[in-house]
Each structure stands twice: as C-alpha cells, then as structure tokens.
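4 protein chains.
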Amino acid sequence: MKREIKKAEGKLGILLPGMGAVATTLIAGVLASRKGLSKPIGSLTQMGTIRLGKRTDKRNPLIKDFVSLANLDDVVFGGWDLFTDNAYETANKAGVLEKSDIEPLKDELIKIKPMTAVYDHKYLVNLTPNNIKEGPTKMDLAQQLMADIENFKKENNCSRIVVLWCASTEVYSAQTDVHATVESLEEGLRNNDPNISPSMIYAYAAVKLGYPYINGAPNLSCDVPAMVELSHRTNTPIMGKDFKSGQTLMKTILAPGLRARLIGLDGWFSTNILGNRDGEVLDDPGSFKSKEVSKSGVLHDILEPELFPELYGNTYHKIRIEYYPPRGDFKESWDCLDIFGWMNYKMQIKINFSCRDSILAAPLALDLALFIDLAKRADMRGVQEWLSFYCKSPQTAQGLPAQNDVFKQLEKLENTLRYLKGEDLITHLGLDYYENELFA
Amino acid sequence: MKREIKKAEGKLGILLPGMGAVATTLIAGVLASRKGLSKPIGSLTQMGTIRLGKRTDKRNPLIKDFVSLANLDDVVFGGWDLFTDNAYETANKAGVLEKSDIEPLKDELIKIKPMTAVYDHKYLVNLTPNNIKEGPTKMDLAQQLMADIENFKKENNCSRIVVLWCASTEVYSAQTDVHATVESLEEGLRNNDPNISPSMIYAYAAVKLGYPYINGAPNLSCDVPAMVELSHRTNTPIMGKDFKSGQTLMKTILAPGLRARLIGLDGWFSTNILGNRDGEVLDDPGSFKSKEVSKSGVLHDILEPELFPELYGNTYHKIRIEYYPPRGDFKESWDCLDIFGWMNYKMQIKINFSCRDSILAAPLALDLALFIDLAKRADMRGVQEWLSFYCKSPQTAQGLPAQNDVFKQLEKLENTLRYLKGEDLITHLGLDYYENELFA
Amino acid sequence: MKREIKKAEGKLGILLPGMGAVATTLIAGVLASRKGLSKPIGSLTQMGTIRLGKRTDKRNPLIKDFVSLANLDDVVFGGWDLFTDNAYETANKAGVLEKSDIEPLKDELIKIKPMTAVYDHKYLVNLTPNNIKEGPTKMDLAQQLMADIENFKKENNCSRIVVLWCASTEVYSAQTDVHATVESLEEGLRNNDPNISPSMIYAYAAVKLGYPYINGAPNLSCDVPAMVELSHRTNTPIMGKDFKSGQTLMKTILAPGLRARLIGLDGWFSTNILGNRDGEVLDDPGSFKSKEVSKSGVLHDILEPELFPELYGNTYHKIRIEYYPPRGDFKESWDCLDIFGWMNYKMQIKINFSCRDSILAAPLALDLALFIDLAKRADMRGVQEWLSFYCKSPQTAQGLPAQNDVFKQLEKLENTLRYLKGEDLITHLGLDYYENELFA
Amino acid sequence: MKREIKKAEGKLGILLPGMGAVATTLIAGVLASRKGLSKPIGSLTQMGTIRLGKRTDKRNPLIKDFVSLANLDDVVFGGWDLFTDNAYETANKAGVLEKSDIEPLKDELIKIKPMTAVYDHKYLVNLTPNNIKEGPTKMDLAQQLMADIENFKKENNCSRIVVLWCASTEVYSAQTDVHATVESLEEGLRNNDPNISPSMIYAYAAVKLGYPYINGAPNLSCDVPAMVELSHRTNTPIMGKDFKSGQTLMKTILAPGLRARLIGLDGWFSTNILGNRDGEVLDDPGSFKSKEVSKSGVLHDILEPELFPELYGNTYHKIRIEYYPPRGDFKESWDCLDIFGWMNYKMQIKINFSCRDSILAAPLALDLALFIDLAKRADMRGVQEWLSFYCKSPQTAQGLPAQNDVFKQLEKLENTLRYLKGEDLITHLGLDYYENELFA
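Line by line, the protein sequences give chains A, B, C and D. According to the working numbering, the first sequence is numbered sequentially starting from 380. According to the working numbering, the second sequence is numbered sequentially starting from 380. According to the working numbering, the third sequence is numbered sequentially starting from 380. According to the working numbering, the fourth sequence is numbered sequentially starting from 380.
Where hints are given, some of them may not hold.
Identical copies carry no separate label here, and so any pair may be met within one copy or between two of them.
To be verified - Under the rule of at most 30 Å between Cα atoms (straight-line distance), these lysine-lysine pairs were calculated in the BS3-like manner: (1) Lys-533 <-> Lys-414; (2) Lys-512 <-> Lys-414; (3) Lys-512 <-> Lys-532; (4) Lys-729 <-> Lys-697.
I should point out that these hints are in silico values taken from the structure, not numbers from a laboratory. Computed from a prediction, not measured in an experiment: that's the story for all the values here.
Pulled out of the complex, with its shape left as it was, chain A reads as follows (with noise of 0.2 Å):
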C-alpha cells in the first residue's frame, strides 16, 4: 500500500505574496536554525516525532528521518509585497523579533528584496502600498507572476517551488459565477471581474504552471471550483486556509474537550486585542467579515449541535478582533465560555491566551510549505485536507463537512504519513496489551 515518493533533492523555493511579519519572522527563523542560533520549535516537519507500532516498541523517528522532506538547507525564499523594504527593514518594523534576534542575519535578510506586487484597494482598504505591478487586465498581471516565478526559480537554481499566501486578509467576498469553472475564471481575468482578488491571481499563477499554492489568510483563493479543478488538471497540490494559531486554535483543542465530555455550551465570547498591521488591516469591517467567517466556522462539525440539540443547540457564539496599537504584534485573547453540567449547573471558563501572532504563525508556515512539497512528489493532486491541521478553515472536498478538532487533525496528518509510508495505522485501541489476560 506504500506508494513511490520522490527524494526532495536540489534547492525549494518558497514564494511568499506577502513579506511582512509572519513572512520575515518564517525567514528569521529558518536562517537563524540553519546557523543553530535557535530550534525551529513549534514545527513538526523539523522537530516532530511520528509514532510506529505499538507504545511499547518505541519507535518514534523525526517526521523528517520518516518521510523524505526538503532540507532546510536547501529552501530559497522571495516573494512580493506592497512595500519595498527588505526583509531586514521589515523584520525591524514589524516588533516582532529582539534587534539582537534580527541583527547575525543581516546580511542575509538584506538580500531578500520583494518583487512588485498585485494590488486592489477593493480588497484591501487600510493601508497605502508603493510597490505594485500595473497591466491592463488581470490575466495580464497573472503573466507577470508567472514569469516572476519562473525568474526566480531560474535565477535561484531551484528544482521546485510552492506559493504560500502570507499577506493581509482581504474585504470579504463570497463565490460567484466567476468561480465556477477553469473557463469562467480565465474569461474572468481576462474582463477584470472584479470578484477576482489579488490572492486568486497568484493561485492561479502558481497553480497554472503546476507549482504547489497555499493560502494562509482567510480569503476565498484558491477555494473556489474553478481553482480545484484547475489544480486537478495541472497534478498540482493544494490547501487553505488562514494559518491556525492563536485564538482558534486554542479553540480548536478547547471545543473538543467539551465535547468529549459532552459539556454543554451556552455560550462562546471570544476577544482579541492585537496592534500591529494585521489587526490595522481587521478593524476595516470588511476585512474583518472575512476573518470572523473563518474563525466563526471551527465550532459546528466540532460539536455537532444537530446530534446535540440539548447541548450545543443554542449556543452563542461571538467574535471580536480589536485594535489596540500598544500591543504590536503582542496579540492577547480573552475567551470566556459558559458551560453546563450535571441537572443543568452553570460553569464558566475564561482563558487569557498573551500570544505573538508571528511565532505561532511562522512554523505552520514552514510546515505547510515543506508538506505541500511532498505531496507534489508523492504525485497527490487537488485539496490536501491532511494538511487541516494547519488552518483555521480548512479546505475539503466539495460537500466533505471540514474536520476543525485539532487533535483529529493531527491524526489524520499522522496516520497520513503512515498510509504513505505502508506503516500501520494507529487507532488507540490498545486492547492486545492485555491480550491474554484480558479477557475471560
């Protein structure tokens, strides 16, 4: 059942639409491990573990001895942004990472310069970019992209690519027609729908010349049919969306403990404070709409109210991000869940979450990217929803509800990985330990 994957040999390029902070704090990151100034901590492509066999064997290899994955060693990064500055320049604003963190990789970040990028104030109203590209249509900026790509890869010596959508969320917009087919979509491009985003453009980008896409914001992207199929045509891997970090993922692990115990849920408040540009970026409400619809979702398969009614029927559930400029990228969430129990007894649950939005998000990041590499060798096609356990709204085949319990996530990740590689599967089922004594 093992299938053939190819060996990740010569150098990835990542591209990122996209260089602010997650962008140069994934790039810090990587350089600064590669020098051993710091552990890639919070990724499993470089510090996970897979368990093999039973708990007693313990075998538990790297995921990266495991399976074969790109050396950080040999990841390129570029990318497009709506500024010019560097990478060095940008780590510096973004607040995110201590000067004495930035400065052993100056020279190195010096060099990561972005190309122009695509930009539409319908889908992004706050902020006021000096580094973008200009053509007559939006199939024509596709092009651009594409040689963009290609010129990299070239310059850059790589053997492979994959596009990873870094940049701000964009206004919300829902699926239309223009969505619906290759054709459509193209058509599209070519008449400047306005239902096409910048993000749709370097999906189709990528995906058109069969190069992997992951989208880390909540826009519509590459979720659309038109882009599934396209991705289908092209053998091309693809997965979204919004990076899971901070307060939903918290929420992710949370809401299947509840269930798991079947506590009910009157009601779910969560609040964020955030300063830096992401949370200047969400206080546009429609900018905002598309971030709350993602973050809003992850509660229903996971408690499953129509199985629940008495439980989970009515709870409410609501959402706020606010600006707040003291805190920079020093996001901090406050939830407070009403729970009931036993005979209908209230409880409560508050949770205080002081996170940094770009740490969380950098090694989803970089585990997206080298998983998603994979899967291109492995000749895997289409939405990879192995992959949910990265994204706040995870993509699925059409009408597949998405699986949103981190911990499910993971173990379909896992078990993934496993299936590839003719590994059993593990179901915890554990009974054989008692085998002969057991039972009677």
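Fit chains B, C and D to the supplied structure of chain A, relying on the hints for placement.
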C-alpha cells in the same frame, strides 16, 4: 471479531463507599433524569453518540443503543458512609444542588441510608465520623462488607452489583510487600497490617465476590498487584483511579494541544481554591500528597520529555490546592502556563475555571459504573484501561505507561466499543473521500 | 458654619422614569429591608458610618444618625414605564433576583404599576413599547408628567418628591441652542424640537415643580444650561449622570492608584459582556455612543495627561460593550491595562469583574434619592457636585473639571456632610498624633 | 505655621544593606536618569506634582520644586552585601534589566562594590554567603558598620547619609524584652542576644550615628520601642516597613474601593508566583511568615470589621507566595475576591497582575531615601508616619492603628508637605465653587 455480550437484564445495584457530595449528586441526578426533571448532561452512556463508518455515512447511534447498558430505571443505589445522614440530608448539607432541585426527590433520597463504614484515622485525619464498623481484624471488616453487599443485592433484588469508591482521598501511602500477592494481602487483612487502608478493604470485598470495583479517589485501593491478581482469579473487571473532573481534565485537554503543535513549556503553575469537605480533607498534607501525586503525573506521558528535551525537559510543574471556605463546592482553578515558540519567544496562557466539583464528577461515576458492568457482561477482567478517559491517574498493565491525553483516551474507549461490536475502527485517515481524484 | 436642615418628616415619594431591572431591584431591596429579610448592602445612607474628629476618638456614627434622612419606612415608590408590567412581573422577567427573594414581596410589588411613559423612537431604537403617552407637543407631555407627579403625591400623601431616571440609555445627542436657556427650552417643548429627548421632558417636569431630579443614565437630560438655570429659579437640587456601578467604578478605583504611584499607562482596553435589556439597547450604535462618551471621560481628570505627558500623554483607551444573551443581568467585564514603570519597563494588569448590573446600581439609586432630598431640605439648589461619588460622568459647575477619582469623591461627600453639620473637615494630616515627639 | 527646612546642600550618601535586585535596579535607574537615558518613572520626588490651592488655580508645581530635595546628581550609592559581586555583576545576574539597559552604565556600576555584610544563619536560611563580617559580639559588628558608614561619608565627601534596608526578608521573630529600651538593646548587642537580627544591627548603627534609617523588608528592624527611643535621643527620623509594591499595593488600592461602596467581602484569596532570590528566600516557612504577617494586616484597618460586622466580620483572607523559577523577577499575582452586594447577591473580582518586583520597588526606595533626608533637614525625628504611602506595614506611634488605604496615605503625605510649607490643606470639599449659587 465481535464479542458475545450478555444482555443487561434485571436490576443493577451501584454501591458507593462514601455517600457525600459526589454520591448524592449522582443519585439525585439519576432520580431527576428518571422523572424527566433534568438531562444527565456530561454522561456518555446516556447522551453520547458514536460515529460508525465514514464521516459521510451519518451513522451516529446513541452509545446506549449501540451496546447493551443498564437502563437508569433499573439502577438501585446504596452505600456506606462515616456519617449517619441519609442522602436527602447530605444533599442539603453538601451545598451543591439548589433546594428546589432536591425537594422533588425528597421521598426517594430520604430512604437511602448509609450502612456503617470502615474507618481508620491513619488514613483520614480531618473528620470525626459517627457511623463506623467495629471488628477485631481488617478481614473481619471485609467480611462485614461482603455481607452488606450480598444483603443489599438480595433485598433489592439485583441481578448485578458494582462497587464505586466515592469517598474522600486517603492519606498517601506507597505500595509495600503486603500488596504483592493475594496471599500476602489476605494475611495482612487477618493481621491488621497498617498498610491496608479502608478503600483497599472495600476493593477486596467487592472483587473477592466477583463484583466490579472502581476507585474514584487517588488512593492505592485496587491499584496493587494483589488486587489485579484477585480480579483475574474471580473474573472481575476493576479500574481507577481518581475521577478526572476539573483542573486535571483541563490539563489533559490543553497539554495535548501544546504537544500537537510542539509548543515548548517552561512551567505550569496550577492552584485551586475550594471550600467543601474535599477541600477540608486535602488541607491535611498527607491527603494532599495522594492528590498531588495523582495530579502531577499527567503531563509526563503527554509531553514525552524524553523525545523532546528542548521543549519539555525542564518544565516546572507545581500544583496547589487551597482550602478556601467562601467557595464551598464551587471550586475555582487558576492555571498559568509559560510557553515558548519559534526562536524561543515566550508567551503565556492563563486559565480560570469556575467549576463545581460534584457536578463534574457525577456523570463520570455513572458512566464508569455502567461501562464496568458492561465489561463484566462481556467477560472482561482485570484492569480496564479503555476507561482511562475518566481517570486522573489511570491504572494500566504493569509496566505499560498510561495514556493521559483525553482525546486518545476517548478514541481508545470508542474504538473498544466498536471492536466489541465488530465495527471498523476509526483512524481519521480519510484519503478515501478523495480517492478518485487525489492521486495523479 | 453649621447649616439649618429641615427634618425629614412625612413620606418621601421616589418616582422612577423607567421601571425595569434597576428600579425593581431597588424597590424589592427596600421592601425586603423593611421586613428584615435582607440588609441594604452597598448603601451609604443605610449602612455607612462617618468618622468624626481624630482617628483615636473612635467617633463613627451611622450617616443616617448624623444627618436627617428619610427613613426607609417612609419611602413610597412609583414611576413610569414603556411597558405595562407591574413591578412583580418585571422583577420576575428581569432575571436579577431569585424567585425565592421576590415571592415574599409579591403583594406589595404587584401594586406598583407604571404610569404611561413618554417615548420617542429617535432616542430609543431597539424596543417596542406598549404603554406610552400621547400628546400634540412635548410641552403637553411635560404637563401630563407634572399632573402624574402631583397626583401621585396627593394619593400617597407624600410631603416630598424626588424624580430619578432609571430608564435605558438614550441615543447620543449633543447640546444645541434649544438647551441654552429656560426660555429656549420651553419654546422647544412647545415646538417639538427634535433635540429634546424624553429624559429631558421628565427633568423639566420635575424641576419646574421644584422637585429634585437625578439622572442615572448618560443622556443629556438635566445636564444643559437651561435645566441648571431652571433649577436655580425653582430652588431645586439636580444631579447626574449615569450610575457608576461596574467597570467604570473599578476604573475610578484603579486609575487613582496608578496615578498615586505615577505608574505610566500605554493603554487600557475594557470590554463588557451583558445580556439584559440594557445590553440590547446598547447594541444600537447611537445608544452605545452615549455610554461610550460617559465611560471614556473618567481617565482624563484622574490621570491629568497635561501634567504628565510622559506617563499619560499617549494612553490608548478603548471601551466595548457586547450584547451577549447567555449572561442576562450577570454582566462581566474584562480590563487589560498596559502599564510601565521605572526605566520604562512594561507590566500588565488584567481585571475580570463578574458583577450584577442592577445589584450594584440599586443602592446608588437609593442613596442619590435620599441625599438629594437632604439637599432640598438644606436649601441647596442647582448642581450637587458632592454627589459625584455615584456618577460615571458627574455634572459640575460650568467650566469646572469633574472629579472622577472615587476616593476624592467620597471625601468630598463626607466633608460636605461634616461641613453641613459644623464638624471639622478631615485632611489625614495626622502630625498631631506625634506632636510632642515629632519635631526635635 | 511654615517650618524651617535646611537646604539640601552637598552630597547625599544612600547606603544600602542588601545590594541585590532592588538595589541595583535603583542605582541603575538613577544613573540612567542622570544621563538622560530614561525617566525615573514611579517616583513622586522626581516626577510628581502637588496641587496647591483650588482646583481652578491650576497651581501644580513639581514636588521637587516645592520642597528642597537632594538632586539626583548629588546622590552617591554604597552598601553591604553577603556576596562579593559588584553592582554591574549583580544587575546582570538579577534578570531584571535588559543587557542593553545595563551596558551604558557599566563603568559606574562596576565601581560600586559591596562592603562585607552582617550575617546570621538563624535569620536567613536559603542562601550561602561569601562576603561577611566577623566579630565576637553583635555590638562589635555594629561598630564595624558605624566605621563603614563614616568612612564612606568621608571618602565620598557626603554632607548627609541615609541607610535603607534593601536585603532579603529575615525569618519571622516577635518583639521580646531585649527590644524594650535602648539600654536593654545595647546590653543585648554586647551579649549576642539571639533576638537581635542583622537588620536591627544596621538600624542601630545608623540611628546611633543620627542617620535616618528605612526598612524596606518586613523584619522587625527599627520597629521596636528601643529603636524609637534611640531615634528620639539622636534626633533621627526612621520609617518602615516593607516596600508596598505589587500585590499589596493593588490590595490597598482596591480594598478602599470596596469599603467606599460598602460592598461586602466573603473572602480574598491571593497567590503569587515568583522565581527570583526573593522567591527562593520566601520558600522558607520562617521567612514567609514575616511576609505573611506584613501582607495580612492591610485589610483590617481599611475595612474596619468592628464597624461593619455584616460586611467584613467573616472575611476569609488567605495569602500564598509560591517559588516558581520560570518567572525570575517577573512576578505574577492572582487575586480572587468573593464579594456581595444589595440583598446579599454574590459577585466576583479577579485580578491578574504581571509585574516586576524590582521595577516597582526601586522608585519607592528612592522616594523614601529623599523624603527621609528632607525630614532630617526639617528637624523631624522618630517614626515618619507620613511616609506610610510606601510601606506594606507602616510603623506608627505606639497604639495608633496604621492607615493602609493608599489614598489616605497619599493625602497624608501631600498634606504634610503642604503643612511644612505653610500651604492650605486640601479637603476636597469644593462647595466654594458654587458659593454664590448653591444655597437658596
């Protein structure tokens, strides 16, 4: 592979050593459910469903329709206590349930009177009991308990019995030679060995008669080789220990989340304030030690510091329980986690859980009683690790590390039920949803 | 220097525009206190003492023994509401008091029926009233109110009347020309000027008749030059505005603490979740603006950024109120303060206040009513700044900055009482305790 | 009434027994302020203003312009420590200040080397010192200290000296006969009475020489009759004890707020986690007891349970300090208050204060030193109760209850300064703003 399980016919007697807050909350809730006054929220056996087959099959029967479990109408409660109060009096004194929830059950509660209990001041120092057994040896006390059990079974016309320890935490004691074999234990009972605590005498009485025994507190009780051996000889299922209800439940929900994401952990400080009898008992350092040992262990097997020394090798874990009378049963915990991520950047999580001890514990007690009765009818004997889901410090086969991750515990429980009924085990692989389209 | 104060003889009618949660909680508590069923906790007029003389004199009479206040037995409640429910019905619907606390008062509560109220959709958008006055002009409505008041006074045989606004927050409106003089206001009433809100009509009716008026909400109401002028003409004390109960109370307790220690403040984020009618009304942006303005102002005069630009010149202050139905009246606030100290090092304070809106407001309403009645009997007129202690946004003499520090407000209140009774004012100097020994 | 105060001319030597985290943070901050690298935030003597006259007068001079205080440029630091590290080494080890804040001060810090210290294992159990004085009697040690002080004064050309205890908390000890009179104390020093702790030897040395002494820890030190008597004989001001910095500061901010509003208090639970040397010392039960006694007392005089038995008669107050190494100096406190209001309804306040011990304490140490030097120049002697503002457990005249309310303490301090300079005391009465209009 499906197993033969005897039907749950006739009445099931649930006998409780310790008829305090947890026990009376359990009883009141079952009575109220029978009368349709409330739902048995938090109980998998009553409200839980189990997914069978694929996600899209939408087969989610109630667990109690999937396997044969004792019906709540067929359950009869009895027990022992150090105080003479009947269940109605105790429920009123315990301060858990509102008067308006107790009154409709008065007639039934008032009839449930505790039998005289086994007491040893060495193992319980902060209380002054008024309803205790006398006898020259511990074996003599065990025989009195066996007589109590058989009388109760006859008088109440029960076909099956389960014994479930709901009493206070005993003072800490470690395993000694007397606990090594059935023979040494019985010798110790006859010789009044000081290392045999009251809860162990209850466990012996139950298992000797072939009745399943569950330990809801952190005492040694049935967690010694002698008791495991006896349970095999008498074909009896046993399990423990310590109901996993409040803070530890939260810990085994959250720690797997950190581990899943490989987020490092510098320290975890946990404090609890509570003002009920449990708090009073735990104000004694010896009793607190039992609890501390039980609560401390959970992080190790979840975080696996051997595999991740950089992440979890120096985790400082400190637990405090503070007697704080203003709170009564309305316990509150505060947890403070010092975590670190990408490039060693530090973050914090704080959790404030305002819970109600007995409200959380009651459904666990019910499920454990009904599931261990199922095990007995399925001819399962010895340690029932598949019920770890309910325990702070799960008993396992000798030498086998416990599984404390609540999600793996639930999967173990569910897959065990699927296994017993011959259904496919769930692995969350899910590649088949994409089978015709996934691979190029 | 002692002033002549008329005795509090006869009955005092307290008339409440708005007989909702706060009003019925106030009434129920007064009735319960009369019957000895509970204590009027939180009320200075009922339980407060006042220190007289030196610390070592141990003279601490009850305030109500020190100055002549209406006795609770002499208080009669009445009022107006947009809904026809009597006080018993409203108390049950409000979800503030337990049924067991309301039942013993049923006979009295049921008799308190609201008179028809003045309503203007422009000022209150989220409710649909069923008990409103009709009239061609606002002056006509004012005259109906005056008739209501005089009828109530006669029927209940009252010697004195106080009118106290306990209704919802009105949509925000700023001061305009119509509010400039008594003449322009009366012209506006006759002409249905849209800038005259319902609460202003109540205020006009009361003050015109010479009855003290208090504004418990953040509306303009009596806080315009015309109303102040009228209060001087009719020798009437007035005061407002907005009961200082939950989060803002906490803010005016804590901010003086930061200011005392010159601890810098980068930001203060305040969010509230509540699910009562107040929450529903404040879900409307216009009503929220009234509240936001009222809540925002308190930091400025406490922190004095003009004096301390390095500490408070850039304080980012953000306030949110979120309608969250699971909570009902059991409001919860979360405050997050980003502070800095010595050498600019940053620290944080977080406060989580689980309070009950109406429980906190009721004693303030009682005190304000009894103290303003005292003011009337002491021949005091116009703005009663000494009652700032109770107000989120205290009314002051034109051009005089408000004092929001709750401790200075209390000292102002207490020293005013001492002044009225000719006692020494307290300065906390206290060098005299050491006089023979302090100086060399 | 204005007093004669000598000008602050020449250099002021501030001598610190205990040159650890607090002391080096104090010194570093003063050096940085002199160089214009940072502001002395949190210091009333440096940044504080004082209101003079009426609110509308807008007279708010800086305190240091209002009374004559030593200029920071004229301050010289020295001291004693149990370890030989110089101030630069200690600042780096203490983990309070960032390296980048210490480096610019290196040259000056490195020169500040501790003199050998007085040590007694009985009073400090968790440390192993390497820099201690030897001597046959405690009197001999006192004389060595006096020689140290006079040498320092001469070498540094100081006109005045202040001694300020910044060392660890000593093991708890109660007052005994040896502390009764100057004579018994001196006899005890000669006889090595075990009830004389190191901090008392420092206090004796300073006061005997007529130099002001301040006690920043909860030890007895100068808080015994013998020391008060000596301070009168030598015309020396003294004050203590225990810097009021983190959780207790918060408590004396919040408790006056509850008391102001007569909100009842069922319980107040306070826990602290900290990982610095202070935490290590307080892990010893004897040292913790000193701290516990100091921290526990503050609620009593603020809440006055004698006056309000229904509100504060049964308040359960529990304080815990937990050594938690992951935190270092970045202490965190969690407070949980169970309060009740109108009709006995219960509410809760929780406070989470992430503070930095030494950052909060340093400005208090500076202010105390400069103000007590002022007292000396104003010919004030004995206990300086007007400096209570800075103390967890303020020393007072015998039999006089302490004032712990931080706002009354501040008013006492400010009115004392106004009194010394012949300005009107502030009472917050403020009726005069309305004088022509208030009374009918």
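Which numbered conditions among the earlier hints are violated in the structure presented, ordered from lowest to highest? 2
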